[in-house]
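Please model the entire structure based on the sequences and the hints provided.
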Amino acid sequence: MIIPCTKVVYINEDKGNGVVATARIPQGTVTWVFDDLDREIPMDRLERMSLPCQEATLTYSYRNNRGHLIFCWDNERFINHSFKPNCCLTAYNFEIAIRNIEPGEELTNDYGAFNIIAPFAVDSEGSERTTVYPDDLLRYNGLWDGQLQEAFSRFLHVEQPLRQVFSPDVWKLAESIARGETAMASIRNCYYSESR
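Just so we're aligned: the sequence shown equals residues 5 to 200 in our numbering.
Derived by calculation from the structure, the hints in this document are not laboratory data.
Check each hint, because a few of them may be wrong.
Said to hold, decoys possible - Pair ranges (Cβ atoms, derived):
#	residue 1	residue 2	range
1	Asp127	Glu106	29 to 35 Å
2	Pro56	Glu179	23 to 29 Å
3	Val13	Val126	16 to 22 Å
4	Glu17	Gln168	33 to 39 Å
5	Lys88	Pro46	31 to 37 Å
6	Glu17	Ile45	15 to 21 Å
7	Asn193	Arg167	21 to 27 Å
Since this is a predicted model, take the numbers as computed values, not measurements.
Glycine residues also receive a C-beta, built at the ideal position from the N, C-alpha and C atoms.
This is the structure:
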(Lines of atoms letter the chains of each structure in order from A; the text may use other names.)
(Lines give C-alpha, C1' and ligand atoms only; values in the text may rest on other atoms or scores of the structure.)
Protein backbone atom coordinates (compact mmCIF):
# COMPACT_ATOMS: atom_id res chain seq x y z
CA MET A 5 0.00 0.00 0.00
CA ILE A 6 1.27 3.42 -0.93
CA ILE A 7 1.32 6.26 1.59
CA PRO A 8 -2.06 8.06 1.48
CA CYS A 9 -0.77 11.63 1.02
CA THR A 10 -0.07 11.07 -2.69
CA LYS A 11 -1.93 11.32 -5.98
CA VAL A 12 -1.39 10.31 -9.60
CA VAL A 13 -0.82 13.17 -12.04
CA TYR A 14 0.44 13.56 -15.58
CA ILE A 15 4.17 14.32 -15.42
CA ASN A 16 5.29 14.75 -19.04
CA GLU A 17 5.31 13.07 -22.46
CA ASP A 18 8.28 10.86 -21.64
CA LYS A 19 7.12 9.65 -18.23
CA GLY A 20 3.37 9.76 -18.62
CA ASN A 21 1.68 9.56 -15.22
CA GLY A 22 3.51 9.64 -11.93
CA VAL A 23 2.89 9.94 -8.21
CA VAL A 24 3.31 13.25 -6.36
CA ALA A 25 3.13 14.09 -2.68
CA THR A 26 0.10 16.05 -1.47
CA ALA A 27 1.78 16.74 1.90
CA ARG A 28 5.34 16.76 3.19
CA ILE A 29 6.82 13.28 3.61
CA PRO A 30 9.81 13.43 5.96
CA GLN A 31 12.92 11.32 5.49
CA GLY A 32 12.45 7.98 7.24
CA THR A 33 8.74 7.71 6.45
CA VAL A 34 7.59 4.43 4.93
CA THR A 35 6.13 5.26 1.52
CA TRP A 36 5.00 1.76 0.51
CA VAL A 37 4.62 -1.63 2.13
CA PHE A 38 3.66 -4.96 0.55
CA ASP A 39 0.12 -5.64 1.75
CA ASP A 40 -2.60 -8.26 1.49
CA LEU A 41 -3.82 -6.96 -1.89
CA ASP A 42 -0.42 -6.81 -3.63
CA ARG A 43 0.39 -9.92 -5.65
CA GLU A 44 3.53 -12.03 -6.00
CA ILE A 45 3.38 -13.71 -9.39
CA PRO A 46 5.81 -16.49 -10.40
CA MET A 47 7.08 -16.12 -13.96
CA ASP A 48 5.57 -19.45 -15.04
CA ARG A 49 2.15 -18.15 -14.01
CA LEU A 50 2.69 -15.03 -16.12
CA GLU A 51 3.07 -17.23 -19.19
CA ARG A 52 -0.45 -18.61 -18.64
CA MET A 53 -2.05 -15.16 -18.56
CA SER A 54 -3.76 -13.49 -21.50
CA LEU A 55 -1.51 -11.17 -23.51
CA PRO A 56 -3.11 -7.94 -22.16
CA CYS A 57 -2.66 -9.18 -18.57
CA GLN A 58 0.95 -10.19 -19.31
CA GLU A 59 1.69 -6.72 -20.69
CA ALA A 60 0.10 -4.95 -17.72
CA THR A 61 1.93 -7.16 -15.26
CA LEU A 62 5.31 -6.63 -16.91
CA THR A 63 4.73 -2.87 -17.17
CA TYR A 64 3.69 -2.36 -13.57
CA SER A 65 5.72 -4.96 -11.66
CA TYR A 66 9.22 -5.46 -10.34
CA ARG A 67 11.05 -8.72 -9.62
CA ASN A 68 11.91 -9.76 -6.08
CA ASN A 69 14.91 -11.85 -5.06
CA ARG A 70 13.08 -15.06 -5.99
CA GLY A 71 12.48 -13.83 -9.53
CA HIS A 72 8.76 -13.44 -8.90
CA LEU A 73 6.93 -10.36 -10.12
CA ILE A 74 5.50 -8.03 -7.48
CA PHE A 75 2.34 -6.41 -8.84
CA CYS A 76 1.02 -3.52 -6.74
CA TRP A 77 -2.73 -3.07 -6.73
CA ASP A 78 -2.72 0.68 -5.98
CA ASN A 79 -1.00 3.82 -7.26
CA GLU A 80 2.45 2.54 -6.25
CA ARG A 81 2.64 1.09 -9.76
CA PHE A 82 2.83 4.63 -11.20
CA ILE A 83 6.04 5.62 -9.39
CA ASN A 84 8.65 6.54 -11.98
CA HIS A 85 12.37 5.93 -12.22
CA SER A 86 15.02 8.47 -11.26
CA PHE A 87 18.79 8.28 -10.87
CA LYS A 88 18.25 10.74 -7.99
CA PRO A 89 15.35 8.99 -6.22
CA ASN A 90 13.68 10.08 -3.02
CA CYS A 91 12.37 6.60 -2.10
CA CYS A 92 14.22 3.31 -1.83
CA LEU A 93 13.22 -0.33 -1.51
CA THR A 94 14.46 -2.15 1.59
CA ALA A 95 15.20 -5.85 2.06
CA TYR A 96 11.97 -6.04 4.08
CA ASN A 97 9.25 -5.56 1.43
CA PHE A 98 8.73 -1.87 2.08
CA GLU A 99 10.05 1.41 0.71
CA ILE A 100 11.20 4.37 2.73
CA ALA A 101 11.76 8.05 1.98
CA ILE A 102 15.54 8.52 1.80
CA ARG A 103 15.19 12.30 1.91
CA ASN A 104 12.42 14.79 2.62
CA ILE A 105 9.74 14.91 -0.09
CA GLU A 106 7.92 18.21 -0.41
CA PRO A 107 4.26 18.74 -1.46
CA GLY A 108 3.95 18.59 -5.26
CA GLU A 109 7.24 16.68 -5.61
CA GLU A 110 7.21 13.44 -7.56
CA LEU A 111 7.97 10.24 -5.64
CA THR A 112 10.66 8.26 -7.48
CA ASN A 113 12.68 5.06 -7.24
CA ASP A 114 15.86 3.95 -8.93
CA TYR A 115 14.63 1.06 -11.07
CA GLY A 116 18.11 -0.43 -10.80
CA ALA A 117 16.96 -1.86 -7.46
CA PHE A 118 14.11 -3.78 -9.11
CA ASN A 119 15.82 -6.64 -10.99
CA ILE A 120 14.62 -5.39 -14.35
CA ILE A 121 14.60 -7.95 -17.13
CA ALA A 122 16.39 -5.90 -19.82
CA PRO A 123 18.49 -2.71 -19.71
CA PHE A 124 16.92 0.56 -20.81
CA ALA A 125 18.26 4.05 -21.44
CA VAL A 126 16.78 7.07 -19.67
CA ASP A 127 17.56 10.71 -18.99
CA SER A 128 20.75 10.92 -16.94
CA GLU A 129 19.38 13.83 -14.86
CA GLY A 130 22.94 15.09 -14.65
CA SER A 131 24.29 11.85 -13.19
CA GLU A 132 26.97 9.66 -14.73
CA ARG A 133 24.41 6.93 -15.41
CA THR A 134 22.33 6.83 -18.60
CA THR A 135 21.14 3.22 -18.55
CA VAL A 136 19.38 1.06 -15.96
CA TYR A 137 20.80 -2.48 -15.87
CA PRO A 138 19.43 -5.75 -14.44
CA ASP A 139 22.45 -6.07 -12.13
CA ASP A 140 22.53 -2.50 -10.79
CA LEU A 141 21.87 -3.90 -7.31
CA LEU A 142 25.36 -5.39 -7.43
CA ARG A 143 26.89 -2.05 -8.45
CA TYR A 144 25.06 0.44 -6.25
CA ASN A 145 24.01 -1.48 -3.14
CA GLY A 146 26.66 0.31 -1.06
CA LEU A 147 25.31 3.73 -2.02
CA TRP A 148 21.71 2.68 -1.44
CA ASP A 149 22.53 0.98 1.88
CA GLY A 150 24.05 4.26 3.10
CA GLN A 151 20.90 6.15 2.15
CA LEU A 152 18.74 3.51 3.82
CA GLN A 153 20.80 3.59 7.03
CA GLU A 154 20.28 7.34 7.24
CA ALA A 155 16.55 6.96 6.58
CA PHE A 156 16.23 4.26 9.26
CA SER A 157 17.84 6.66 11.75
CA ARG A 158 14.73 8.86 11.30
CA PHE A 159 12.19 5.99 11.30
CA LEU A 160 11.14 6.35 14.95
CA HIS A 161 11.07 10.16 14.82
CA VAL A 162 8.45 10.63 12.10
CA GLU A 163 4.80 9.74 11.74
CA GLN A 164 4.26 6.37 10.02
CA PRO A 165 0.83 6.39 8.31
CA LEU A 166 1.35 2.85 7.00
CA ARG A 167 2.09 1.34 10.43
CA GLN A 168 -1.19 -0.59 10.50
CA VAL A 169 -0.39 -2.35 7.21
CA PHE A 170 2.83 -3.93 8.50
CA SER A 171 2.96 -7.46 9.80
CA PRO A 172 3.84 -7.34 13.52
CA ASP A 173 7.15 -9.15 12.93
CA VAL A 174 8.35 -6.79 10.20
CA TRP A 175 7.34 -3.73 12.23
CA LYS A 176 9.23 -5.01 15.28
CA LEU A 177 12.29 -5.68 13.11
CA ALA A 178 12.13 -2.19 11.55
CA GLU A 179 11.96 -0.62 15.02
CA SER A 180 14.92 -2.71 16.15
CA ILE A 181 16.97 -1.59 13.15
CA ALA A 182 16.01 2.03 13.80
CA ARG A 183 17.15 1.73 17.44
CA GLY A 184 20.46 0.23 16.34
CA GLU A 185 19.74 -3.11 18.03
CA THR A 186 19.68 -5.11 14.78
CA ALA A 187 21.93 -4.65 11.76
CA MET A 188 20.08 -3.57 8.65
CA ALA A 189 20.10 -6.19 5.89
CA SER A 190 21.67 -4.88 2.69
CA ILE A 191 19.44 -4.02 -0.24
CA ARG A 192 21.72 -6.42 -2.10
CA ASN A 193 19.52 -9.15 -0.57
CA CYS A 194 16.83 -8.02 -3.04
CA TYR A 195 19.01 -9.13 -5.98
CA TYR A 196 17.69 -11.93 -8.16
CA SER A 197 20.13 -14.22 -9.91
CA GLU A 198 18.90 -16.89 -12.30
CA SER A 199 21.74 -19.11 -11.05
CA ARG A 200 20.16 -19.39 -7.58
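Hint check:
1. Asp127 x Glu106: 29 to 35 Å: The hint (29 to 35 Å, Cβ to Cβ) is violated, given that Asp127 and Glu106 are roughly 21 Å apart.
2. Pro56 x Glu179: 23 to 29 Å: violated (42 Å)
3. Val13 x Val126: 16 to 22 Å: This hint holds: roughly 20 Å between Cβ atoms.
4. Glu17 x Gln168: 33 to 39 Å: Since Glu17 and Gln168 have Cβ atoms about 38 Å apart, the given range 33 to 39 Å holds.
5. Lys88 x Pro46: 31 to 37 Å: Taking Cβ atoms as reference, Lys88 and Pro46 lie about 33 Å apart, which means the hint holds.
6. Glu17 x Ile45: 15 to 21 Å: violated (30 Å)
7. Asn193 x Arg167: 21 to 27 Å: holds (23 Å)
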